[in-house]
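Going down the list, the protein sequences come from chains Y and B. Counting along the first sequence from 1, when you hit position 14 you're at 14 in the numbering used here, and nothing is skipped either side. Counting along the second sequence from 1, when you hit position 12 you're at 12 in the numbering used here, and nothing is skipped either side.
There is no bait here: all hints are sound.
Pairs of lysine-lysine, DSS-like flavour, derived with a Cα cap of 27 Å:
hint, chain 1, residue 1, chain 2, residue 2
1, B, K34, Y, K128
2, Y, K227, Y, K215
3, B, K34, Y, K131
Treat the hints as calculated values from the structure; they're not laboratory data.
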Amino acid sequence: MTAPAFFQYLLRLGDDRLVLGHRVSEWCGHGPILEEDIALANISLDLIGEATLLLKLAGQTEKKGRSEDALAYFRDGIDFRNALIVELPKGDFGFTIVRQYLFSVYSLLQMEGLTRSSNADLAGIASKAVKESRYHVRHCAEWVITLGDGTGESHARVQDALNDMWRYTGELFMADDVDREVAASGLGVDPSTLSDRWNAEVSRVLDEATLAIPKTGYMQRGGREGKHTEHLGHMLSEMQIVARSHPGASW
Amino acid sequence: MTDLRDSSTTSTSSGAAPSDSQWPLWEVFVQPPKGEAHEHAGSLHAVSAEMALQNARDVYARRGEAVSIWVVPSESITASTPEDMGPFFDPGNDKPYRHPQFYKTPRGVRV
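Isolated chain Y (complex conformation) (with noise of 0.2 Å):
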């Protein structure tokens, strides 16, 4: 096992965290009713305490001196390694509730797997993370269930969320020399072992849903080396300007 593998892959399960709780946060002050500005505010501070765990241990791991601030606020699009689906807009409630639950469902999974990890930090970070994800997947399945099911209005708002996205959800089970490397080690989980697990639960909740399943073609990929879409660029500008702005600065 080499360093810099697992460092990738704490980066990448560290950015997921951090771009999708960020755009989970821009709901604050937004939300359809008081009760699920709260849910969604928790949800996202969830998110972002498990990415400052995984983005101190990357930095532990890698030994360059970079805290968890450093990696979050002075990297620059081309060094995350986050998902793409977890960058791309907010959308309306339907697209952020269908997204939260289609990520949390395999995060769910992938941190059940890294409890085991043989890196004790990563495993304590993960039996805390299967708790929040739990509740995530509790609290939006019971939203999917009840948009699709719903009204005329919620029902289509939510299927066409779901067909914008399905073409976003391979990458996250594709499997590289990275992933190959630390699940080998038995510091991490090679995520395409997760994907039949996750459209079983995902199918069984979209059916409630009375929701069609996209039929899967071709998948978008790129987060993982650095290729972004043009989303998050602009939403790290936002994210990173304070500390950027103010260098040192604490609060």
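Go by the hints and put chain B onto chain Y.
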């Protein structure tokens, strides 16, 4: 926005429509970690019992204040009115012998 699911699948309490444009109101009771009785924490809006439970978790128990949550449709609660105060509660005040403190503790009994 009102009820998003059709009436056959929702567990919203039946009866009159909510009095404002919000979803139906629920009362939340949380049990503190040390095993005391559930206490009223507040109220919130939700379209189903499951959503009420989740919202209660997010609004009233996200900092670890609870080990158990109850949610009850607000309209299921029958409450006394301010006019009931006299007949309901006054008669107890002038009968000190209803309180255990009225009686002297017999000698030999440890308090």
